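This is what each chain is made of:
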Amino acid sequence: MWMTELPPFVLFFIGALIAAVTSGRLRGVVMLAIPIVSAVNLWMMPEGIHLQFSFMDYQLSPYKIDKLSLMFAYVFHIAAVIAITYSLHVKDTVQQVAGMLYAGSALGAVFAGDLLTLFVFWELLALTSVFLILARRTPRAYVVGMRYLIIQIFSGVLLLVGVLFYAAEKGTLDFQYIGLEGVYGWLIFFAIGIKCAFPLLHSWLTDAYPEATPTGTVFLSAFTTKVAVYALARAYPGTEMLIYIGAAMACLPIFWAVIENDLRRVLAYSLMNQVGFMVVGIGIGTALAINGAVAHAFNDVIFKGLLFMSMGSVLHMTGRINGSDLGGLYKTMPKTTILCIVGAASISAFPLFSGFVSKSMVMAAALENGYDWIWLMLLFASAGVFHHAGIKIPYFAFFAHDSGLRASDPPTNMLVAMFIAAGLCIGIGVYPAALYSLLPYDTGYNPYDATHVLAQTQLLFFSALAFVWLNLRGLYPPELKSTHLDFDWTYRRFFPLILRRLFATIWKIDGQIRRSFISKLDSGLHYLAQRNAGASSLLSRDHPAGSMVIWVTVLLAIYLLLSFIR
Amino acid sequence: MDNKTKYIFDDPKNVKRVMYFLYASCALLFALDFVIHRHVYHSWENLWGFHAIYGFVGCVVLVVVAKWMRGFLMRPEDYYDDEWKTDEDEKNTSKAGVLNVDD
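Chains as they are written, first to last, in my numbering: chain F, 12 to 577; chain U, 306 to 408.
Hints listed in this document are in silico derivations from the structure and should not be mistaken for laboratory results.
Just so we're clear, the structure is a prediction, and the values are computed from it rather than from any experiment.
Among the clues, some could well be false.
Claimed, not checked - So these bits of chain F aren't anywhere near chain U, every CB distance computed over 10 Å:
# : residue
1 : 214
2 : 342
3 : 410
4 : 471
Stated by the list, open to error - Covered stretches of chain F, as calculated for chain U (at least 3 residues, CB under 8 Å):
# : region
5 : 353-367
6 : 388-400
7 : 462-470
8 : 485-491
What the hints assert, rightly or not - With a Cα cut of at most 25 Å, we get these calculated BS3-like pairs of lysine-lysine:
#  : chain 1 : residue 1 : chain 2 : residue 2
9  : F       : 492       : U       : 390
10 : U       : 311       : F       : 346
11 : F       : 531       : F       : 519
12 : F       : 346       : U       : 390
Yeah, the Cβ is synthetic: ideal placement off N, Cα and C, and Gly gets one too.
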């Protein structure tokens, strides 16, 4: 069979080029064929370094395959197929090309065997994805997109500086375990932390993702954060600090998710929450924990994609996405409703759905290694994610009070994409062995024992009971038209305000200094003028006739002198 | 737009049925705790219905805290709109002091 040694990103970039010059059905066929051909090709590629060259005394290997990168590459191919199918109806060339380039950049990043290649794709991820936000073509999306781009590029700059320090110290650019040593360790850690949406570095995510186009968000949710998770898993496994960062990340966003009105922003918060589980797994760093983190990243791409697709369908069909405007859509969007519930069940980790088989590995690893409090926090986060992503999303969009909207199910291509994702969610949940066989380590883990199934089912059903009880008692916070402040407030409001006040003060003081200087100068001049204003003095306007005569005499005397000189 | 069609949850009886199903499942799951022999990983799990209670209490705390957070985090929907609205839009809305921190 025909095979190519070309790295997958090259195929995707060629695909983007073709997408730029074609349109209609042809473009759809080409765009779908690229990830499928690339995936089949990748399936047959052996592990190892497939491309290597020297660059200024450094060995670069832009195409290096191992088990960890393969796992992410597979799910990125799946995500690309799903997202492209979902956006087949889109006629906007900018979005189609950006989507292809973005998926290709993500694949380039996971196969980067050296840090310089990683940096290049790190920045390409930012540059290509921003068009999925700008493509909304509203003034608001423009502002948000620019803010997103600045933060992403900043992450890349940090990475580059870190890489330079690393190269200077180690004399190599190989992308391997780095750890929190030296300046380079911290710089690269922060660079990845921004893309990974660590707490306080996260607000670009919840700011930008909900502002992208309905199809663009599906692309966005799959790649950037998962590339960051991959980079963490390679460079910082077993870094204890990650356990605490991850636990905070899993717990904090769910509070915002409960009160947020924009349902795609709710999903953005729950994306952070799920990435938190992965970060904890990487921080624990044992074989089981890393397996759990990677498997959860794999599943999250699919079920989070499914949820974003279902909300994208709602936005596409009704033009609304705020919980306060929606409700009762199950009546006319039954297929979307069911598909959304499958995604909700998967993210909530119901037994027989995909989240269950991966999230539990991280939790088991936390207990095994004595992180009891972390385990409790993750358990709370599990209940919380069911509460906001599992119940709130389907409930406020499709049930709740009848909004009177009667939108039909979305176009076939969108439904097909959601069916593929839902099929994978259930397939992986029912037969996890297929997923486990791809994992980096062999741990013989079995999620389906009676204790675990019962515990998880209890947790979820009683969370649902809490939702019902709170709703019946009228304690549940209603969906309100509102903005909820998050950390981005500091750089959207607080710092600008501080700077404005600071400059106002500076200008005021500056004005005072100038004014007093001018008035001093003024009075000085005034004094001089006064002194010299007397008759016949320096600045006087009128002169007595006597002095006129003297001056005329002087002038004539000068003329006389000059004539002698000649 | 045909609002007269009756859908499944327009009938309160069906909503009740779903709720009863949920209550029954919860009761059953709680009861199963006493029947199934569990191998616990953590001493807290020895408590009967640990996961059930934790899930319920966790969610109630979550919602109560989130509701309390609304008190100081909630702003009008157009709070950040001045970032992209032009000066003319600004005049039309005639809203003064949009740049204050605490409006």
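Results for each hint:
1. 214: With a cut-off of 10 Å, residue 214/F remains clear of chain U, as the shortest Cβ separation is near 12 Å.
2. 342: violated (4 Å)
3. 410: violated (7 Å)
4. 471: violated (7 Å)
5. 353-367: violated (count 0)
6. 388-400: Our answer is that it holds, as 5 residues pass the Cβ test (under 8 Å) against chain U, meeting three.
7. 462-470: holds (count 7)
8. 485-491: Our answer is that it holds, as 4 residues pass the Cβ test (under 8 Å) against chain U, meeting three.
9. 492/F <-> 390/U: Distance of about 19 Å is within 25 Å: holds.
10. 311/U <-> 346/F: holds (18 Å)
11. 531/F <-> 519/F: Distance of about 18 Å is within 25 Å: holds.
12. 346/F <-> 390/U: Measuring from Cα to Cα gives roughly 38 Å; hence the hint is violated.
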